[in-house]
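Student: Each chain, letter by letter, is given below.
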Amino acid sequence: MANKRILVKRRKSVRNIRKITRTMQLIATARFQAALARATAGRPYTEKLAELVESLSGASGPIDHPLMHASEDATRSAMVVMTSDRGLCGGYNAGVLRAAIHQVDSSAGSGVETDVTMIGRKGVGYFRFLGRPLADSITGIGDRARFEDVEPLANSLMQRFIDGEIASVHVAYVRFHSAGRQTPEVMQLLPLTSEATESTEAKSSTAVEFEFSPEPEELLNELLPATVRIRLFQCLTDAIVSEQIARMTAMKAATDAAGDMIKSLTQRYNRARQTQITMELLDIVGGANALA
Amino acid sequence: MAKTDTFQCTVITPERKVLECESTFAAFPAHDGEMGVLRQRAPLVCKLGIGILRVEGDGEKHELLVDGGFAQVVGNCLTILTEASKEARDVDVDATNQALVEARAMKITDDASSAARNNAIRRAQVQLKFAK
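If you're matching them up, the sequences are chains A and B in order.
Take the first sequence: its letters are residues 1 to 292, numbered as in the numbering used here.
Take the second sequence: its letters are residues 1 to 132, numbered as in the numbering used here.
Quick caveat, the hints were computed from the structure, so don't treat them as lab data.
Mixed in with the good hints there might be a few duds.
[What the hints assert, rightly or not] Quick list of in silico lysine-lysine cross-link-like pairs, DSS-like style, CA-CA up to 27 Å:
#1 A:LYS48 x B:LYS61
#2 A:LYS48 x B:LYS47
#3 B:LYS17 x B:LYS61
#4 B:LYS132 x A:LYS48
#5 B:LYS47 x B:LYS61
[To be verified] Pairwise CB distance ranges (calculated):
#6 B:LYS17 x A:LYS9: 50 to 58 Å
#7 A:LEU88 x B:ALA88: 38 to 46 Å
#8 B:ASN118 x A:ASN155: 47 to 55 Å
Small disclaimer: the values here were computed from a predicted structure and weren't measured.
We put the beta carbon where it would ideally sit given N, CA and C, even for glycine.
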């Protein structure tokens with residue numbers, strides 16, 4: 001019976017797909033662990049930098065720096081959007097792009113045009129599909145973020161910000177809260193907010209008298225750009241960890257769905273087989289009765 | 001276990017902890033010249049220039065190239081924060097030679113470009129010296 005053969009064929013192909021998705025799930029799991037290890041390896045740097053800014057602001061009073069003030073006559077702003085290079089990661093890219101486009105449109109509504117820098121092939125493709133312009137794009141970062149990948153971008157954004165060309169810089173990325181929770185977010189990178197520079201306020205009670213070389217003000221001129229660079233870098237490492245989790249979840253769901261499908265196909269196949277046997281038996285019995 | 005002449009030395013980049021050890025002496029390239037650190041150094045925050053960081057301790061010697069960043073000394077802990085650190089074997093000699101040639105070819109028009117040229121030349125020279 002033709003129906004039976006089709007069912008066998010479909011079950012076979014679903015089984016093959018399940019094999020593939022399961023493998024991809026395993027790969028994503030391994031990559032997630034590696035990415036998470038790298039993300040945590042970068043944390044001491046951020047903490048130490050915040051501590052330095054803290055001790056400096058303790059020495060020189062309230063911090064005041066060009067990176068903290070938006071130029072008032074700038075009519076443009078900039079945004080960095082972090083998407084993945086590859087697909088098959090569920091709603092990961094859709095979430096970031098939705099958040100990014102929402103932000104771009106709402107600032108366009110108030111008369112501020114946004115230059116979008118896109119990281120990741122998927123986002124580039126989507127913006128091309130929508131016919132939206134991209135100021136710049138970076139692809140091929142893969143799942144190992146290097147500091148050199150974001151450093152030039154951060155430097156040029158800061159330069160344009162200080163020159164008064166752009167009023168703000170935002171980053172749209174998927175923030176990694178925990179292995180169970182990641183949310184697409186739009187974070188303000190520039191102007192620097194005070195919470196970025198005062199993240200560890202509890203420590204000021206144990207203030208140490210530091211010797212500064214050069215003067216605190218001059219050190220701040222170096223420290224704040226370093227803070228901006230590291231924040232952008234951290235967004236990227238976060239995004240990469242989240243991407244692997246998203247892929248892991250998507251592939252697990254695909255594997256489970258394939259399993260369910262195999263079950264129902266097997267059931268249908270068995271039923272079809274049984275029906276056929278019954279019919280053949282009826283035929284034989286009918287034939288024998290006719291002869292008798 | 002407590003030794004009387006050592007201090008903790010840590011080198012951190014945005015990507016990872018490069019070095020963490022007990023050391024007896026460390027010299028790092030500050031923005032205005034090399035600076036040495038022994039145990040019980042007074043608390044310090046210092047900007048780094050480009051140069052070679054040397055750490056000695058436990059009969060071992062570590063040498064790393066650092067390019068900008070910050071050093072902090074507090075309570076017998078030296079922490080070096082740098083965005084770029086390299087070991088001698090990581091220096092690409094050919095690329096650096098090329099960079100040196102380009103740096104020498106840079107045109108000087110004002111103070112800023114002169115400083116940029118000097119920086120670029122110095123950066124290449126320090127790397128080459130370190131690689132040898």
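Student: Provide an ascending list of the numbers of those earlier hints which the structure does not satisfy.
Tutor: Result: hints 4, 8 break, sorted rising.
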